[in-house]
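Asker: Assemble the whole structure, with the sequences as input and the hints as a guide.
Residue numbers (my numbering), protein chains in the order written: chain A, 1 to 261; chain B, 1 to 261; chain C, 1 to 261; chain D, 1 to 261.
Simulated from the structure, these hints should not be mistaken for lab results. Not one of these hints is a red herring.
Which copy is meant is left open, so a pair is good if it fits within one copy or across any two.
Here are the computed lysine to aspartate or glutamate pairs in the EDC-like style, where the Cα-Cα straight-line distance is at most 20 Å:
id	residue 1	residue 2
1	K207	D34
2	K207	E147
3	K207	D144
4	K240	E257
5	K244	E149
6	K16	E77
7	K244	E147
8	K16	E257
9	K240	E147
10	K79	E51
11	K140	E165
This structure is a prediction, so every number in the text was calculated from the model and none was measured.
Number of protein chains: 4
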Amino acid sequence: MAIRTLVWGENVHENKNEIVRSIYPNGMHACIADALASDPNISVSTTTLQEPDHGITAERLANTDVLVWWGHVAHREVKDEVVELICNAVWSGMGIIFLHSAHFSKPFKRLMGAPCNLTWREAGERERLWVTSRNHPITKGLPDYFELEHEEMYGEPFGVPEPLETVFVSWFQGGEVFRSGLTYKRGAGNVFYFRPGHETYPTYHDKNVQTVLVNAVNWAHNPLARIADPNDAPNVPTPKAPEKIVERGPSLHKPGEAGYR
Amino acid sequence: MAIRTLVWGENVHENKNEIVRSIYPNGMHACIADALASDPNISVSTTTLQEPDHGITAERLANTDVLVWWGHVAHREVKDEVVELICNAVWSGMGIIFLHSAHFSKPFKRLMGAPCNLTWREAGERERLWVTSRNHPITKGLPDYFELEHEEMYGEPFGVPEPLETVFVSWFQGGEVFRSGLTYKRGAGNVFYFRPGHETYPTYHDKNVQTVLVNAVNWAHNPLARIADPNDAPNVPTPKAPEKIVERGPSLHKPGEAGYR
Amino acid sequence: MAIRTLVWGENVHENKNEIVRSIYPNGMHACIADALASDPNISVSTTTLQEPDHGITAERLANTDVLVWWGHVAHREVKDEVVELICNAVWSGMGIIFLHSAHFSKPFKRLMGAPCNLTWREAGERERLWVTSRNHPITKGLPDYFELEHEEMYGEPFGVPEPLETVFVSWFQGGEVFRSGLTYKRGAGNVFYFRPGHETYPTYHDKNVQTVLVNAVNWAHNPLARIADPNDAPNVPTPKAPEKIVERGPSLHKPGEAGYR
Amino acid sequence: MAIRTLVWGENVHENKNEIVRSIYPNGMHACIADALASDPNISVSTTTLQEPDHGITAERLANTDVLVWWGHVAHREVKDEVVELICNAVWSGMGIIFLHSAHFSKPFKRLMGAPCNLTWREAGERERLWVTSRNHPITKGLPDYFELEHEEMYGEPFGVPEPLETVFVSWFQGGEVFRSGLTYKRGAGNVFYFRPGHETYPTYHDKNVQTVLVNAVNWAHNPLARIADPNDAPNVPTPKAPEKIVERGPSLHKPGEAGYR
Numbered sequence: 001m002a003i004r005t006l007v008w009g010e011n012v013h014e015n016k017n018e019i020v021r022s023i024y025p026n027g028m029h030a031c032i033a034d035a036l037a038s039d040p041n042i043s044v045s046t047t048t049l050q051e052p053d054h055g056i057t058a059e060r061l062a063n064t065d066v067l068v069w070w071g072h073v074a075h076r077e078v079k080d081e082v083v084e085l086i087c088n089a090v091w092s093g094m095g096i097i098f099l100h101s102a103h104f105s106k107p108f109k110r111l112m113g114a115p116c117n118l119t120w121r122e123a124g125e126r127e128r129l130w131v132t133s134r135n136h137p138i139t140k141g142l143p144d145y146f147e148l149e150h151e152e153m154y155g156e157p158f159g160v161p162e163p164l165e166t167v168f169v170s171w172f173q174g175g176e177v178f179r180s181g182l183t184y185k186r187g188a189g190n191v192f193y194f195r196p197g198h199e200t201y202p203t204y205h206d207k208n209v210q211t212v213l214v215n216a217v218n219w220a221h222n223p224l225a226r227i228a229d230p231n232d233a234p235n236v237p238t239p240k241a242p243e244k245i246v247e248r249g250p251s252l253h254k255p256g257e258a259g260y261r
Numbered sequence: 001m002a003i004r005t006l007v008w009g010e011n012v013h014e015n016k017n018e019i020v021r022s023i024y025p026n027g028m029h030a031c032i033a034d035a036l037a038s039d040p041n042i043s044v045s046t047t048t049l050q051e052p053d054h055g056i057t058a059e060r061l062a063n064t065d066v067l068v069w070w071g072h073v074a075h076r077e078v079k080d081e082v083v084e085l086i087c088n089a090v091w092s093g094m095g096i097i098f099l100h101s102a103h104f105s106k107p108f109k110r111l112m113g114a115p116c117n118l119t120w121r122e123a124g125e126r127e128r129l130w131v132t133s134r135n136h137p138i139t140k141g142l143p144d145y146f147e148l149e150h151e152e153m154y155g156e157p158f159g160v161p162e163p164l165e166t167v168f169v170s171w172f173q174g175g176e177v178f179r180s181g182l183t184y185k186r187g188a189g190n191v192f193y194f195r196p197g198h199e200t201y202p203t204y205h206d207k208n209v210q211t212v213l214v215n216a217v218n219w220a221h222n223p224l225a226r227i228a229d230p231n232d233a234p235n236v237p238t239p240k241a242p243e244k245i246v247e248r249g250p251s252l253h254k255p256g257e258a259g260y261r
Numbered sequence: 001m002a003i004r005t006l007v008w009g010e011n012v013h014e015n016k017n018e019i020v021r022s023i024y025p026n027g028m029h030a031c032i033a034d035a036l037a038s039d040p041n042i043s044v045s046t047t048t049l050q051e052p053d054h055g056i057t058a059e060r061l062a063n064t065d066v067l068v069w070w071g072h073v074a075h076r077e078v079k080d081e082v083v084e085l086i087c088n089a090v091w092s093g094m095g096i097i098f099l100h101s102a103h104f105s106k107p108f109k110r111l112m113g114a115p116c117n118l119t120w121r122e123a124g125e126r127e128r129l130w131v132t133s134r135n136h137p138i139t140k141g142l143p144d145y146f147e148l149e150h151e152e153m154y155g156e157p158f159g160v161p162e163p164l165e166t167v168f169v170s171w172f173q174g175g176e177v178f179r180s181g182l183t184y185k186r187g188a189g190n191v192f193y194f195r196p197g198h199e200t201y202p203t204y205h206d207k208n209v210q211t212v213l214v215n216a217v218n219w220a221h222n223p224l225a226r227i228a229d230p231n232d233a234p235n236v237p238t239p240k241a242p243e244k245i246v247e248r249g250p251s252l253h254k255p256g257e258a259g260y261r
Numbered sequence: 001m002a003i004r005t006l007v008w009g010e011n012v013h014e015n016k017n018e019i020v021r022s023i024y025p026n027g028m029h030a031c032i033a034d035a036l037a038s039d040p041n042i043s044v045s046t047t048t049l050q051e052p053d054h055g056i057t058a059e060r061l062a063n064t065d066v067l068v069w070w071g072h073v074a075h076r077e078v079k080d081e082v083v084e085l086i087c088n089a090v091w092s093g094m095g096i097i098f099l100h101s102a103h104f105s106k107p108f109k110r111l112m113g114a115p116c117n118l119t120w121r122e123a124g125e126r127e128r129l130w131v132t133s134r135n136h137p138i139t140k141g142l143p144d145y146f147e148l149e150h151e152e153m154y155g156e157p158f159g160v161p162e163p164l165e166t167v168f169v170s171w172f173q174g175g176e177v178f179r180s181g182l183t184y185k186r187g188a189g190n191v192f193y194f195r196p197g198h199e200t201y202p203t204y205h206d207k208n209v210q211t212v213l214v215n216a217v218n219w220a221h222n223p224l225a226r227i228a229d230p231n232d233a234p235n236v237p238t239p240k241a242p243e244k245i246v247e248r249g250p251s252l253h254k255p256g257e258a259g260y261r
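Answerer: As structure tokens, this is what we get:
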């Protein structure tokens, strides 16, 4: 069965800024979705901030294998309830990919538990992405490095937790470096952060970037059945303990009582 | 200079429950603080949920090297603003230690970005903690294992991110296991989770547990100067780039403008 | 294309010891291979210590996607040249699974760079394996725990590097615990250690163990093309630098000279 | 007590090459040792390849808290027995720091279990090291980045296992990047790899590099008592099991027999 992928686009600058519109006339989400659709193993749909509940409901997430997120100027407009829905879906097994300025999006910050800050410069300089984990599935079909002639600079220190694996590190013409591809796991969900994608440059039209996007969706997909309630903390009453034991000592909880949260 | 350590206690069951009061007549926080005070390198104070702002202000955190947190029945009563203050202090370099049922405390869940769920049973069964990282600083002075005759059971799967290091794994009489000592880093702050400490048992009177607490405070202490603003994401304007570059292509931001959040 | 899997068996006790022979009349490797063959996605063959070069040549490894290794009494008899072939194959992308007493095999110790020691007891006691990374691909189809009524005990501290992920932790009747399923990556090769499998018990006939074996082979398989020379350290001469630079200062090496090893 | 630090120098090019001699008239090891001696908490001595057994005996290692290793042209001349002594010392708790071309030294490759390969270029280009783990102890006193005007380039992919933490990433003028500061743990020993230090440039005279060296020795030092035998795999006979059990089923080993290796 194809990997059901939902591309979420903030879709603000595309409608406000001539440059962005000229590069992404149908929105950045549409360009990203088109790139993903080139893989017959991926079935893709899109939604944007402007739709009711930003197009994100519990039901829709239950039918999404991988969510791709791009946002920049309107992070604050994303409702906290939607962020909780997304985190719960990730914990239950949905994959998620955060692109570029989504480092400051609410769901990324929530999943990282960290500031996710960095330095930045918008000078259209050259970026060169180096593979640091050779033959990682996300690098399939890529050379040891590839270049983007014009990109925004993001510089270290990047305020994220140590990742499971560092897949890409970027070189910038202005002298900075950045860990540009990082993998994490939160609950049963795979998380990938990928740096490139400033809206005033044609980054998502780049073939190598598109290859990364396709690979990342395939990598992030967890084919196992979703966990029904990823926050469940069940009591195992004494008679049901795997080994036979006898209850001893004082207790706070009555039999069958739920734990405190 | 001594490590300025603040022990935060929820302090609810001590005042409601005869058993808990009898074991911890001055509150669990007092018992934990006494154990820490045995190390001349640690200077300790305490506070509780009931104090204004739960005894946690930005100024107090600025003067705290390591915060120790025990909570259980009243997690929801901790104010979200206080949680944000704590996370910011951790990101800027404050160490933090979460004890037992603090796995479901707001600051722990916030820093982990994960469900932090588990299974549990209150049967007064035997727990045996095994060292899995020999000669880790947190294991100083400990044998390869130690026992607690009566404890609440916490069982895997434990819904936390993969740690930097797994320091202890627990065996339970009823047949479960649990990763009982886990290290993390969030921003510049060291984070340690330590499992034992159910309030109806005299766990914090145990010598080995006290050794872990002392070691953990020493380990979690980051002596470097606190980061002034751990969320800062400074622009590096083109003239200040480490390498000389010329601005090219279109841009969204005007010179000197702050980034979007 | 099916995952070409080679099961390597030491095949010593099966021929010397009545008990082992009665449980594994065709050898342990045959039992393991049969279990793997139940997955149509796996194409399996076997070899043993007794074959010339232990059945391991560079060519055979080049045509092996995943190698499964069981050894115990004859670790020292494995030739060092064969160990180097195996390590090179792993670094170039071959997956490898080490079973039980293979914790002390030459290739495992070589890949870990660590003592790989543990405590042990042969008492036929009960082992219970707990999943610690819910919905990890290696846990597909498993409940949160499963039991082996008779197993050898392996106890912590286990002298291995911190893994990428801890997938299983074992509980033993005699009071010990052990990190029973650990993932690593070495070069482009995925590595999995799985604890159960003492030769005097019918462990590899167990359905849950067989499920782990099948899952582990699928997980360890890296479908990307093998790296031709995983030890290559190429010089990038100045004219071929990605950015134009001018050579400056003194140098040790003449143009075109290989680096020192 | 001061951290007993031994600086090991290959000491070949210093005696053969005019340029290297002019920069390091007393050898690179002497320059490194002088830098470390600036910290009153460090007590430093040196040895070289040319001394009997390269100056490395079991007794000397037993009295060494941290070993610093620089080698390049003569890796093959280091005796395998000495490499084993070093690994055993690390596993028992000795810290070790590998500098620059020591990425291809025998002890580093042995401890990593990986190819440790990279790309390289000797063009005297500019290197800029960025801190990627702010307020890590190894970064004490450093700005967010520092520069070396002339260095050899080392480029990704660097064939090492994923580290515990990535502390530095380097930018090179010629367009490459490299993970320049990586932490590992092997047994009870802390391991740090630090990239800079090509012998034809005055790198170890640089103040920031010297700061890293001092910090790294302090970080790598494990003050706990050394493990007597880091390879010990003791049997725990049934009567000594932590929980009372009865031996069941068949067994291979006679009581008191050692395990197989």
